[in-house]
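Generate coordinates for the entire structure from the input sequences, incorporating the hints supplied.
For the sequence shown, this note's numbering gives the first residue as -5, with consecutive numbering after it.
Everything labelled a hint here was simulated from the structure, so no lab data went into it. Among the clues, some could well be false.
[Unchecked claim] Below, in silico cross-link-like pairs of lysine-lysine (BS3-like), each with a Cα-Cα straight-line distance of 25 angstroms or less:
hint : residue 1 : residue 2
1    : Lys160    : Lys260
2    : Lys275    : Lys260
3    : Lys275    : Lys160
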Amino acid sequence: MSTKVEITLPSFSGLITAPNSSITPLLCRACTRARACAREMPNWRAMSANDARPSLTRMLSRALSSLLSATSGVSEARVLGMGQSIQEECDSHCCGSARTPFVASTAPVAHRGWSNLEERRKTATVNGINSMNGMSRFSAVLLSLCALAFWPSQAAARDACLDDPKRAHELRVLDEAQVTDMMDSFEVIAVPERLHRMLTRLVAASPQLRNGPSIHLLAFDDTELNAYAADHGLVILTSALWSARENLSDDELAAVIAHELAHIEKRDSLAEACANLQRLKQPELRFEEARDRMALEMFNPYSHLAREARRQLHEQEHSADLRGIELLRSVGRNPQAMVSVLAKLHGTGTPGLNLLMGSTHPDVRERLQRAQAAVDAGGNSSRAVRSESR
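See below:
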């Protein structure tokens, strides 16, 4: 019989993530311990949505992402206390006598070789599913690592990975597990019919998409603007996108969908997963293990792999913007909507978007400028598309 667990923690808002800080890996160790505790619970894999697994998943993904996306600092003692609280809450609720003390040390922790990598899998929720604004509280910096540029000698291994149907299936299984975790944390709601019509027209405009697997929309009730794409044909939207508060136009909503379809068209999630293997120079690894090892690299402020991944993330998003503009133009939508919706997403000040954009205004400006240049080069569509009925 499983034990229901509801865990509450102090707010993680405002925690510092300074480049030279050893606090982030310490808290990652605490999160790792919490996952290990969960796996010690009876019938872990068989637990229902009302039991401990979704509670722990929500706790860890939100706590860790809040930590990583923070912009204001607090004292080191308080930050260490946050890590301690994860340990204590986990131990008191689900670990029984199998407790390992959390070491509140400020000494640097090695970013390689931590044990129990598999037990950290869900702390990087939605990694591998591409997002228009790049991040959200689901995933923080662990979301949407992009393919790196490859040396010619690596091209064969890369192509073999991309063309391997077993690898594509492996990624789909991971994506589906991650979406299931999201469904445990957020309410699934109906997608407005006009968005389904937008999707149908945009898919029809792409020979690759219209001749490929069916593509579906899935929506979660959430106040945070975001959208995601999985290579196997799923576009995930949050309800904030069509809320009265945000007041996005139909052209802007179509731009969001077009951007995500561009990720699917280019198989960006699979390219990312294969890139993880290349970055680590271990092509035999399972995608899940490679992702977890790359997650550790992202915790290391000195990692050249993390820096390269972030640079490539920008390029991947630029590419999806440009292809999205082409799709908008092909269905008679105003391509300027891509620029305006990107500006609105940035204007929300969400931590995820700031991280995607590199947290600096020049990066934001570059993305907007490149999108605007693409619009200007092709000319704004003069055809007026009747607004989809609400």
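Query - Restraint status (C-alpha distance of Lys275 to Lys160 at most 25 angstroms) - result: Status holds; Cα separation ~19 angstroms.
Requested in this report: Would you check the hint for Lys275 and Lys260, treating anything up to 25 angstroms between C-alpha atoms as holding?
Outcome: Judged against 25 angstroms, a Cα distance of about 23 angstroms means the pair holds.
Report task. Would you check the hint for Lys160 and Lys260, treating anything up to 25 angstroms between C-alpha atoms as holding? Result -> Since the Cα atoms of Lys160 and Lys260 sit roughly 18 angstroms apart, the hinted pair holds (cutoff 25 angstroms).
Checked against the numbered hints listed earlier, the structure breaks none of them; every hint is satisfied.
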